[in-house]
Amino acid sequence: MKSFYLLFFLLFGVNAGALLAQQGQYKLSYDGVTQTYTVFGKVSTAYTSPMSRFANVFVTVVAPTGAGATRFVPTNLQTAPSLASSNVMSLSRLDNPAYAAGKDYLFFNFEVGSANYTPAAIAANTEFPIFSFQSQNGCLGDLYIIVHNSVEYNALQTNNINGGQAFSILGAGGDTYNANYGGNATCVAAVTPPTVSVSYSNPMVVGQQGTMTLTVTNSSGNPAQTGIGYTYTLPSGLSFPAGAVVTNACGGTGTISGNTITFASGIMASGMATCTLSAPVMAAAQGTINPSTGSFGSPVNVIIGANNGAGVSPVNIVVNAATCNANAGLLGY
Numbered sequence: 012m013k014s015f016y017l018l019f020f021l022l023f024g025v026n027a028g029a030l031l032a033q034q035g036q037y038k039l040s041y042d043g044v045t046q047t048y049t050v051f052g053k054v055s056t057a058y059t060s061p062m063s064r065f066a067n068v069f070v071t072v073v074a075p076t077g078a079g080a081t082r083f084v085p086t087n088l089q090t091a092p093s094l095a096s097s098n099v100m101s102l103s104r105l106d107n108p109a110y111a112a113g114k115d116y117l118f119f120n121f122e123v124g125s126a127n128y129t130p131a132a133i134a135a136n137t138e139f140p141i142f143s144f145q146s147q148n149g150c151l152g153d154l155y156i157i158v159h160n161s162v163e164y165n166a167l168q169t170n171n172i173n174g175g176q177a178f179s180i181l182g183a184g185g186d187t188y189n190a191n192y193g194g195n196a197t198c199v200a201a202v203t204p205p206t207v208s209v210s211y212s213n214p215m216v217v218g219q220q221g222t223m224t225l226t227v228t229n230s231s232g233n234p235a236q237t238g239i240g241y242t243y244t245l246p247s248g249l250s251f252p253a254g255a256v257v258t259n260a261c262g263g264t265g266t267i268s269g270n271t272i273t274f275a276s277g278i279m280a281s282g283m284a285t286c287t288l289s290a291p292v293m294a295a296a297q298g299t300i301n302p303s304t305g306s307f308g309s310p311v312n313v314i315i316g317a318n319n320g321a322g323v324s325p326v327n328i329v330v331n332a333a334t335c336n337a338n339a340g341l342l343g344y
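Using our numbering, the first residue of the sequence shown is number 12, and each one after it goes up by one.
Hints are computed from structural coordinates only; laboratory data are not their basis.
Treat the hints with care, since some could be wrong.
[To be verified] Simulated pairs of lysine to aspartate or glutamate, DMTMM-like, Cα-Cα distance not exceeding 25 angstroms:
1) Lys53 x Asp186
2) Lys38 x Glu138
3) Lys38 x Glu163
This one's a predicted model, so the numbers in the text were calculated from it and none came from an experiment.
Just need the whole structure built from these sequences, with the hints factored in.
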């Protein structure tokens, strides 16, 4: 990258005074409807293609430290399509260092290199999106971009960690980063986490496939949700048939192992909304099955409905015996 900048200086004769005028700034914002964090940028000088092409973007975002379901894990990283290919973003991190306890550092590196794209024009002093991401585990607290020359920044540098920013545009001839604008990106946690419940086709017949449906319901006033997960184990007497496949309308992934279904990284629309997972099930014997004897586990950003999701007044699943239909006709001798 240094050789690239040197070549640019030689070809275009950019002087130090011109570089000082190119003040690039970052802002981190949060959209509560889509639950998306976006890094915006702006510069003091306008550029048109090809001089508006990015050479490098490096941003250090600070998140509250955590583990498991409380660890901030960026997901769905997207670069603005008018700025660069979506294949040039990388992420590394440093979690809870001794000299900055309680904080995780996320290093977003956006290296264009020789990527083939046509950059959009950049207006002076007008913010534009650079990249965005979401939280795998939902709202976990404020995020912010580290401030250069702050005590926090200097602690990272002292420990040989590059925790700064870079904002390099071809027309600027190098790194134009100057400061951040805007405040912390504050997310909005759910008023009440979404609720997951279970239902079955009823009645069922021994040896014939019925359907199990898992439904997640968001609440009025809640923002959109991400990072929803849980496990569910069938009641005794029911099983998933061999080769059973999950039908998933909740995003994320749903997998079956034995008599347990595992769901992870689900998403939900805001407000009163539902999404479902379903799978075929089979009953082993005639009789009744209490659906509340199934069990949920490992809930993430979701709460379990009454009676293990079977409802306030669970209705037993009736399992009828298989029927045999004999061929009608006359016997001849």
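We went through each hint and held it up to the structure:
1. Lys53 x Asp186: Roughly 13 angstroms separates the two Cα atoms, so the pair holds.
2. Lys38 x Glu138: 9 angstroms, holds
3. Lys38 x Glu163: 18 angstroms, holds
In summary, the structure agrees with every hint in the numbered list given earlier.
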